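Asks: Next come the chains, spelled out residue by residue.
Protein chains: 2
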Amino acid sequence: MKQVVVARYAQGNPKASDFRIEEAAEPQAAEGELLLRTLYIAVDPLLRFSLDESTLTGGGRMDLGAPMIGPTVSQVIASNHPDYAAGDYVEGRTAWAETTVVAPDKSDYRGPPRKLDPALAPVSTALGALGGPGQTAYEGVIKVGRLQVGETIVISAAGGAVGSMAGQIAKALGARAVGIAGGREKCQGLLDLGFDAVADYKASDFAAQLKAALPDGADVYFENVGGDVTLSVLPHLKRGARMPMCGFIAYYGLGMEGPGPDHLPGFYRQIMNKALEIKGFAGLFAGQKGLDDIAGWMKQGKIRFAESFVDGIDAAPEAFASVFAGHNHVGKLLVRVAPAI
Amino acid sequence: MKQVVVARYAQGNPKASDFRIEEAAEPQAAEGELLLRTLYIAVDPLLRFSLDESTLTGGGRMDLGAPMIGPTVSQVIASNHPDYAAGDYVEGRTAWAETTVVAPDKSDYRGPPRKLDPALAPVSTALGALGGPGQTAYEGVIKVGRLQVGETIVISAAGGAVGSMAGQIAKALGARAVGIAGGREKCQGLLDLGFDAVADYKASDFAAQLKAALPDGADVYFENVGGDVTLSVLPHLKRGARMPMCGFIAYYGLGMEGPGPDHLPGFYRQIMNKALEIKGFAGLFAGQKGLDDIAGWMKQGKIRFAESFVDGIDAAPEAFASVFAGHNHVGKLLVRVAPAI
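Chains as they are written, first to last, in our numbering: chain A, 1 to 341; chain B, 1001 to 1341.
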């Protein structure tokens, strides 16, 4: 079987060549363990943190030469654990490998693999709309952003798994959703999902597009990127605007400092002059309530899950790198490793 | 009579030479106006914003050659307004002049001059503990910071009017207060006010002092300065810490950008990794409730107002400049223009 191992730590944006594909022996499930066949790998931008050579972020660094680890959906091939049976679908944090072994009773803080009901929704959605990204969007819009009916939310990286859900949740709440994404195709995809307006950060007239999309400013800025996009958004925020922050992809490749000038003085000036509220969060508190609400909105047709696929584990390194290069997919980008049995 | 006029807009930190002292004719109070004799001028750091040549901050820029305007305490010499009588003490926003005229019915958003009762507290405290700085400290600690019994708050510019109040309010609430100030004398002044620990940002071992003062980290960072002090504090904040921000004196002389490197990536990283909550505020919502609570704590001996004075209107430009240079006074620095009649 094949697996993706970490060849070197990333410098700046990750590259496909930071990984290599290796052949490995099929693993064996010991007592209390499950043998899993990987169906989907999520190329999650937050995984960038575990590819830093320095441990600024406080642990979680991958070992060189060892398999990359991240969110996956798998099917149980063989179970030596009473809570799981062969054929079960599970979502968890496992190796980027065609086959892998996990011990549910020795899992990390995320808990044991979560069993999925394929009758409720395609199991791939456990990595997107009905998984971490959906929960992150839910917490950011509702709990941290406190978005109200009639308000306007502007969302960076709106084409991503979290952003595309955040905009749809905002619409389900009766708010106005403005998305920022790169490229005309991706922006059109957001309009198709129901966003009220879009701005293409790769276009030469991005500033004008943003101004036209936010004629009265924004009450909430769902922050996913940082960098130039954010510096363009800040002047459009209303006094007292909330800024839930769940990521900052523009800075992932930097440490604590980027090249000058220093933008922190201007950031402070806007926080103070506009009485902005900024809060970092990780979507850990949306919980089952968030997933249930999202599932309900899906049933009502208010939310569609957006997914894009690339095929085969060999494609995983390139797919991960494309997240940082600004690919053209809308919604969660998944590597489809194998079909279910 | 003498007045302080704006000679030029400030570049970086304000200098005494940005102002000049002029002789002017004694003003006359028309119908509906008050003739005031200025007793105290507050050299408030936020006044720096109105000395920017650019209007980044959205208005409030002083006119060159016109008197400087800011918070003062005055005594009514003559009243042509039914709500005020000669001899009354008032706090308001007036010219830096020995004598001035105001029209209470045409005042700005801050409302008409506030009448003071000299039997309750010295009238100078209306510019400090029982005025804007007290309200700012109250709102930052209680409303924005949501400081709880047993928690630790760290306060930058702790020797200032706002910071020295914030620390004492924290103590009155049963929390632990750590102050950051410049110079041994000022730090000792904070300990005398009841702060539990201090760190001297001008000392070569500032980092070690800060670490010793915050062995278990801080739950709230009362932010008043920005710059190097803040970059030193951030690593000591606990997960979920709140950061009420009412000023950033280190950046007042800069526009939207400072010299590199760019510290915004590191700032983002800490917000996200620690789920920090940052909120700009201006103390406008503490209102009478805040002043009443502070007055009550004063009666109980839990809060002492800290004031320092320089004498004569001629001293105002230098006093204002000293705020940015890190003077040695603890508490509100006031220019004592004249004694009450």
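Don't read these hints as lab results, they were simulated from the structure.
In this text, all values refer to a predicted model and were calculated from it rather than measured experimentally.
Keep in mind that a hint or two might mislead.
[To be verified] Straight line, CA to CA, 25 Å or less: simulated SDA-like cross-link-like pairs of lysine to any residue:
| hint | chain 1 | residue 1 | chain 2 | residue 2 |
| --- | --- | --- | --- | --- |
| 1 | A | Lys274 | B | Leu1234 |
| 2 | A | Lys143 | B | Gly1182 |
| 3 | B | Lys1238 | B | Gly1255 |
| 4 | A | Lys238 | B | Arg1048 |
| 5 | A | Lys274 | B | Ser1107 |
| 6 | A | Lys274 | B | Ala1275 |
| 7 | A | Lys274 | B | Gly1240 |
| 8 | B | Lys1274 | A | Arg48 |
| 9 | B | Lys1302 | B | Phe1206 |
| 10 | A | Lys274 | B | Lys1302 |
| 11 | B | Lys1115 | B | Asn1080 |
| 12 | A | Lys202 | A | Phe309 |
| 13 | A | Lys274 | B | Arg1093 |
| 14 | A | Lys2 | A | Met256 |
| 15 | B | Lys1238 | A | Leu64 |
| 16 | A | Lys143 | B | Glu1151 |
| 17 | A | Lys302 | A | Ser204 |
| 18 | B | Lys1274 | A | Gly240 |
| 19 | B | Lys1211 | A | Met256 |
| 20 | A | Lys274 | B | Gln1288 |
| 21 | B | Lys1238 | B | Leu1191 |
| 22 | A | Lys274 | B | Lys1289 |
| 23 | A | Lys211 | B | Met1256 |
| 24 | B | Lys1143 | B | Arg1239 |
[Claimed, not checked] A few chain A residues that face chain B, going by a derived Cβ cut-off under 10 Å, partial list only:
| hint | residue |
| --- | --- |
| 25 | Gly87 |
| 26 | Tyr89 |
| 27 | Tyr251 |
| 28 | Lys274 |
| 29 | Met298 |
C-beta: ideal position from N, C-alpha, C; glycine also.
Asks: Would you check the hint for B/Lys1274 and A/Gly240, treating anything up to 25 Å between C-alpha atoms as holding?
Replies: Holds. B/Lys1274 to A/Gly240 sits at ~22 Å (cutoff 25 Å).
Asks: Quickly compare the C-alpha distance for B/Lys1274 and A/Arg48 to 25 Å and report which way the hint goes.
Replies: holds, 17 Å
Asks: Holds or violated: A/Lys238 and B/Arg1048, Cα atoms, limit 25 Å.
Replies: Satisfied, since the Cα-Cα distance of roughly 23 Å is no more than 25 Å.
Asks: Should the hint that A/Tyr89 touches chain B count as held when the rule is a Cβ pair under 10 Å?
Replies: For A/Tyr89, the interface hint is violated, since the closest Cβ of chain B sits about 31 Å away, which is over 10 Å.
Asks: Holds or violated: are the alpha carbons of A/Lys143 and B/Glu1151 at most 25 Å from each other?
Replies: It holds: about 24 Å lies between the C-alpha atoms, which stays within 25 Å.
Asks: Would the hint linking A/Lys2 and A/Met256 be met if the CA-CA limit is 25 Å?
Replies: Violated, because 36 Å separates the two Cα atoms, which is more than 25 Å.
Asks: Taking only the CA atoms, is the gap from A/Lys274 to B/Lys1289 under or equal to 25 Å?
Replies: holds, 24 Å
Asks: Would you check the hint for A/Lys274 and B/Lys1302, treating anything up to 25 Å between C-alpha atoms as holding?
Replies: violated, 33 Å
Asks: Run the distance test for A/Lys202 versus A/Phe309: straight-line Cα separation, threshold 25 Å.
Replies: holds, 23 Å
Asks: Has the given pair, A/Lys274 with B/Gly1240, been kept, meaning a C-alpha gap of at most 25 Å?
Replies: Answer holds: A/Lys274 to B/Gly1240 is near 22 Å, not above 25 Å.
Asks: For the pair supplied as a hint, A/Lys274 and B/Ser1107, is the alpha-carbon distance within the 25 Å limit?
Replies: holds, 23 Å
Asks: With a cut-off of 25 Å on the C-alpha distance, tell me whether B/Lys1302 and B/Phe1206 pass.
Replies: violated, 29 Å
Hints 2, 3, 9, 10, 14, 15, 17, 25, 26 and 29 from the earlier list are contradicted by this structure; the remaining hints agree with it.
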